[in-house]
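S.K.: Next come the chains, spelled out residue by residue.
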Amino acid sequence: MKSLGSIRRDFAPWNDPNAKPYIQFDNVTKKFGEFTAVNNLSLTIFEREFFALLGASGCGKSTLLRMLAGFEEPTAGRILLDGQDLRGIPPYRRPVNMMFQSYALFPHMTVENNIAFGLKQEGMAKADIDKRVAEMLKLVKLEQFAKRKPHQLSGGQRQRVALARSVAKRPKVLLLDEPLGALDKKLREETQFELMDLQQNLGLTFVVVTHDQEEAMTMADRIAIIDKGEVMQVATPAEVYEAPGSRFVAGFVGNVNMFDGKIAAGEAGSASIDAGNGITIRTENAGSAAAGTSVTFAIRPEKIKVSSTKPAGAVNAIEGEVYDIAYLGDMTVYHVRLDDGQVVRASTMNAARLTEDPLTWNDRAWVSFRPDAGVVLTR
Amino acid sequence: MNATWSRFNIISIVLGFAFLYLPIVLLVVFSFNESKLVTVWGGFSTKWYVSLFHNRGLMDATWVTARVGVISASVATVLGTLAALTLTRYTRFRGRLLFSGMVFAPLVMPEVITGLSLLLLFVAVGLDRGFLTVTLAHTTLTMCFVAVVVQSRLITFDRSLEEAAMDLGAPPVKTFFQITLPVIMPAIVSGWMLAFTLSLDDLVIASFTSGPGATTLPMKIYSQVRLGVTPEINAACTILIAVVAVGVIIASLANKRREVQRQRDEQAAQRG
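Chains L and A are the protein sequences, given in the same order.
Just so you know, my numbering puts 280 at position 280 of the first sequence, and the rest follows in order with no gaps.
Just so you know, my numbering puts 24 at position 24 of the second sequence, and the rest follows in order with no gaps.
Keep in mind that the hints are not guaranteed to be accurate.
[Claimed, not checked] When the alpha-carbon atoms are kept at most 20 Å apart in a straight line, the in silico PhoX-like pairs for lysine-lysine are as follows:
(1) LYS141/L - LYS131/L
(2) LYS120/L - LYS256/A
(3) LYS31/L - LYS228/L
(4) LYS186/L - LYS141/L
(5) LYS126/L - LYS147/L
(6) LYS149/L - LYS138/L
(7) LYS303/L - LYS2/L
(8) LYS47/A - LYS149/L
(9) LYS174/A - LYS126/L
I should point out that these hints are in silico values taken from the structure, not numbers from a laboratory.
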């Protein structure tokens, strides 16, 4: 059986109707004065899930996290954690810990005292605290930095101290607010995998807020895409990318080519779309859209092939002119201007060192794609 | 930077320093004068310093000033810090603007008016003028300075530090004493020092609110000068200058060392 994306997921409680939700947002609304940050939002997160809230800045994703931590109370609706209503429980009594975007390390304390702070509040015995702190320092590979103060650490080390401090209490849920935002690109990629391993090893539920789609795609089991305080789609990274639920999601995550048109004729999922200017697109993913419906056909650049001649037997092939080429090493990106003026983006993996059919600027070229390569969007 | 010493540069530096320090240098030089006449040089001597320590009046005044300074600065620091906290944290209470205006009014209020109004108040409530009233008056005067210093620190304070502490299980009061207070402590200490210095300096308000037995050093010096400047006063002032100078030098050296240490730490951190 074919599946979306390249990963088979064995951990998928969201597909199990009997799975008990762990965190539940029930019709939650949060207003700051006249401004509505979160609008009647419902969301379910499962135990041991790595869940990402993805959205542009100001979309309300951080407010969701802060409500879970207890720094804000919902204006309406309720938030349940493991069946317990969190309303009225102050942050210092909630079994969740947060890693802050600014790290919020206590500047007057050493690394080990920062990590021990939460354990001391619990009234843990001194010997146990020492043991746990040593364990945490080992986990984030900062053993030799125990006596340093935060300002004596580099950015990456501070990030790891913040992480160690927030997991030291073994919270039921770890909240991460843009955890990698302050790191440079290379360090960020390494740390993404470290975070995933950590989550697996500790068996915790992670809720991460990010505006970086690549970060969300890499780390999360499921992604909620948030816009203007509302959930646009909750799905696995592969579903979000390969089967976006709306034009917004398709455009927000990754690059996409969109053709507006009308369903010309169709039956049981496959249809042809009249995209105007003599372009007809044949697709197998029309769903239940009836003839005459206005739709958008969305297709990702890597699913489009560019060639100098019309490929034999291609179901969908449109002619145009090479407008721009970017050679990126691992792949090449072509911008092809169709005869009606629309520019199509296509990318080709450079799987071989030598290219059979090289193209150059202003060449006549054909863009072609399979009937199952794109999706039909009605929203 | 232009490092050449043009004639213009030299002249302006000499004039500037002369303008600032000539009077002080004169005062220091004449404190070592053998002669009893202030303006006539009669040879080097330290006898005025010896007689200074036998001058009961001046020594008593110094002791009063020190006590008034320490007590008023301490009370003002507590009150000023609380005011600063309220003004930065509870931004939406009724009458906040009025309150903040009122806290800072003494900064610009002529001292004569502050002194006179305090005098009227003390008379009205029947408080005998003396040590207590000067201390109260100085607390009133210096509190707003502390509030300004602490408030400017609190504005840049990262609130997520407090959120992190609460998130880790510390209730608000514990968070304040374990996180907020230690972090803003440098500002509180400099607020205290500012308040202490202001109290040490003050002549006008002390003159209004002090009574018998609570003469401060500036009052004593002023009243003696009216009877004629003696080399003893010069000696007293020289000691004051020395104390202040040593304080400033120690503070700036400590600051410099901290700065160097911080840079070294950061470089070490970059290297990993």
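S.K.: So which of those numbered hints doesn't the model satisfy?
M.R.: Violated hints (numbers, rising): 2 and 8; every other hint is consistent with the structure.
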